[in-house]
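J.: The lines below spell out each chain.
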Amino acid sequence: MKQARRWLLLAAALVLLPQAAYAQRKPKPPKPAPPTAPAPAGGTSAAPADADADANAAAPAAPAAGGDATATPAPGAGAGAGGDDICQITPDAPQCAAAKEINFAEEAKKKVHAEVYAVQQQYVIKARRFEIMPYYNFTLNDQFVGHNGPGLALNYYITQVLAVGVNGTWYGGLNTDSDFNFQNRRAARIAVPLNNYQVSGDLNFTYVPMYGKFAGFGDFIFNYDAFLEGGVGLIRTEPIPVIDPDNRKFDWNNYVNFDLGIGVRIFFTRWLAAVLEVRDIMFFDKIEALSIASGSTTSAPGTAGYANNPLNPDTWYDKNTHFTNDVQLQVGISLFLPTSFEYRLPK
Amino acid sequence: MKRRFVKSAVAALAVAGAMSASGAAQAQEVELTGPLKGAPAIRHERLYREGRFSIEPTFSFSLLDQYRRTFLLGGRLTYNIKDWLGIGVWGAYGLISSNTDLATEIDNPVTGSPRDPLTAINVNHTGDPSQGQAMGYAPFTDQTAKMNWVLAPQITFIPFRGKLAIFNKIFVDADFYVAPGVGIIGIQERGDCGPNTTVNGQPLLCSNPASFALTSRTKFTATFAVGFTFYPADMVSVGVEYRALPFSWNRAGFDSRGTGTNGNFPDQQVNSQDETFDFNQMITISVGVALPLHPTISE
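Residue numbers (the numbering used here), protein chains in the order written: chain U, 1 to 347; chain F, 1 to 299.
Heads up, some of the hints might be wrong.
[Unchecked claim] These stretches of chain F come out as covered by chain U in the derived footprint (C-beta under 8 Å, 3 or more residues): (1) 113–122; (2) 153–162; (3) 231–245; (4) 251–259.
[Unchecked claim] A short, non-exhaustive set of chain F residues, derived as facing chain U with CB atoms under 10 Å: (5) LEU63; (6) LEU64; (7) PHE140; (8) PHE171; (9) VAL172; (10) ALA174; (11) VAL178; (12) PHE220; (13) THR276.
Please keep in mind that the hints were generated in silico from the structure rather than gathered at the bench. Note that CB positions come from ideal geometry on N, CA and C, so glycine has one too.
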């Protein structure tokens with residue numbers, strides 16, 4: 001029996017526990033304006049002891065004069081005592097004139113040109129954050145030799161739209177001489193000078209003029225931005241001996257390059273994004289000479305005949321430098337640090 | 001009796017308690033059935049495509065060409081059944097073509113490919129060495145293949161629809177689409193030649209200058225395009241598109257394959273075995289007008 005009582009108490013507690021939420025006090029309505037509130041019909045005291053009871057009783061009888069906007073008598077709904085009183089005393093009061101003149105049905109049909117920003121708050125704040133971007137690049141414009149390789153970019157965003165950074169790409173051992181070169185040489189008996197790349201590095205500025213969002217399948221929304229970048233750096237290249245592979249052994253050469261790129265970042269989170277960029281690395285490259293020196297290979301350096309010796313490295317290169325565009329597609333991910341940030345203004 | 005009553009009361013209170021405790025779950029349900037329940041991700045969306053025809057003049061240029069670039073002028077007509085689905089056709093004519101540096105280099109009469117018996121099968125020339133005639137220069141660029149026209153019935157899927165802000169001043173609606181379809185391509189490439197090819201009952205050897213003439217052919221393939229469409233106004237759109245037309249053709253007109261290990265050696269014949277596969281990529285820029293002139297707006 002004692003046990004049953006305990007269960008009874010527990011069950012009662014369980015019943016009563018959720019009711020606590022329903023029993024919370026209602027938020028206090030604004031205090032009624034004492035001077036305009038009509039006296040209760042019964043003529044009892046206007047100052048009841050319980051404030052809550054007072055508010056609940058007074059609210060339906062007298063609209064609050066102060067407080068928030070919802071308490072303002074709505075035009076057309078001013079049948080309450082306060083609204084009528086005001087309009088009787090001062091018929092030219094703005095709210096009384098509005099009640100007479102505004103036709104809400106007509107007003108609702110009017111077209112409203114509300115000014116709304118296309119993207120009200122940018123999804124990612126980049127200012128004063130670091131970006132680490134590992135990527136892999138694929139050659140887009142060279143059907144003779146593919147210069148693919150991994151790279152890493154580090155950027156610091158000085159502002160939301162401007163960053164300064166460095167990037168480097170490694171190509172060594174990953175250059176791919178196309179079969180097309182061989183087919184062309186065999187058929188037309190003409191060789192195309194080919195170059196390998198080893199490494200390139202650049203100091204870059206990045207500008208982010210575009211951002212936006214897309215709805216995917218009308219279901220989910222993702223954010224993106226698009227950026228332009230440009231910079232200057234160095235690239236190391238060497239010709240592949242095609243014309244005279246028996247005598248020519250090239251070394252790596254350093255050249256100043258300029259790079260321009262355009263890319264897009266698709267954000268998965270506020271610190272992680274996928275990056276797709278097309279970048280053009282431009283430089284003046286030296287290529288293999290198409291002709292072979294006609295002299296003897298036995299002439300020693302310093303002798304008169306050495307100038308035409310096919311073993312003389314001075315005869316290996318074409319006399320002109322060639323402006324080269326290495327257009328790359330870079331695919332990577334972008335990590336922003338710190339991973340969190342705070343908006344300066346509320347949404 | 002009293003004990004039974006207490007037990008019943010306890011049981012009733014326990015059930016009531018359990019039901020009361022489930023009140024929180026009911027409150028959660030209220031959220032799910034609230035005003036946003038079933039609401040679309042975007043309200044009052046401008047449906048630039050749904051129920052509209054779009055007529056788009058296009059300009060295309062090919063990418064990564066080995067011997068000849070093609071510039072195509074054309075148009076795309078699409079009826080958009082839904083905002084995410086359309087059917088249409090793109091057609092274009094190869095208006096201009098230009099030679100690549102490699103083609104120019106091979107063509108060069110002085111420093112280019114020598115016109116001698118070693119290249120007689122592969123490089124255009126005058127005089128037939130098999131007839132004991134002296135060989136001379138003829139343009140290599142006359143034998144390189146060209147793309148004359150393209151017709152591509154296609155379905156357009158528009159999975160992504162959004163907007164972008166440029167310089168925080170210009171706001172443009174945009175969508176991203178994928179358009180798979182069938183590609184029908186009219187090309188001209190060097191015709192078949194070799195001991196097994198006859199013209200007027202006579203074999204047409206590949207060293208014969210007449211064998212370098214181009215022949216019209218039609219290629220069928222699957223094609224796809226991906227692109228962005230921007231809507232600066234209700235009736236006008238601007239688009240940029242990448243397209244691939246993967247098929248095999250003999251772009252240089254060389255005899256490259258046909259015999260030896262895996263057929264990787266020249267066989268003194270030019271035929272379909274010498275064709276090489278290529279994605280035949282191109283970029284298309286378009287400006288479109290949509291009918292009716294004004295888009296509908298979603299709820």
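J.: Run every hint past the structure and note whether it holds.
T.: Comparing the hints with the structure gives:
Coverage of the stretch 113–122 of chain F by chain U holds. Counting CB-CB distances below 8 Å, 5 residues qualify, and the rule asks for three or more. Counting residues of the stretch 153–162 of chain F whose beta-carbon sits less than 8 Å from any beta-carbon of chain U gives 4, enough to reach three: the coverage restraint holds. With a cut-off of 8 Å between beta carbons, the stretch 231–245 of chain F has 0 residues touching chain U; three or more are needed, and the interface restraint is violated. Beta-carbon proximity to chain U at under 8 Å applies to 4 residues in the stretch 251–259 of chain F; the threshold of 3 is reached and the given coverage holds.
Interface restraint check: LEU63/F against chain U, minimum CB-CB distance 8 Å, threshold 10 Å, status holds. Interface restraint check: LEU64/F against chain U, minimum CB-CB distance 6 Å, threshold 10 Å, status holds. Hint status for PHE140/F: holds, given a least beta-carbon distance of 8 Å to chain U, under 10 Å. With 10 Å as the threshold, the beta carbon of PHE171/F comes within range of chain U, its nearest partner Cβ sitting at about 4 Å, so the hint holds.
At its closest, the beta carbon of VAL172/F sits 8 Å from a beta carbon of chain U; the interface hint therefore holds under the 10 Å criterion. The criterion of a C-beta within 10 Å of any C-beta in chain U is met by ALA174/F, whose closest approach is roughly 7 Å, and the hint holds. A cut of 10 Å between beta carbons decides the hint on VAL178/F: the least distance to chain U is about 12 Å, and the hint is violated. With a least beta-carbon distance of about 25 Å to chain U, the hint placing PHE220/F at the interface is violated under the 10 Å criterion.
Hint status for THR276/F relative to chain U: holds, with the closest Cβ pair at about 8 Å, below 10 Å.
Hint check: violations occur at hints 3, 11 and 12; the rest are consistent with the structure.
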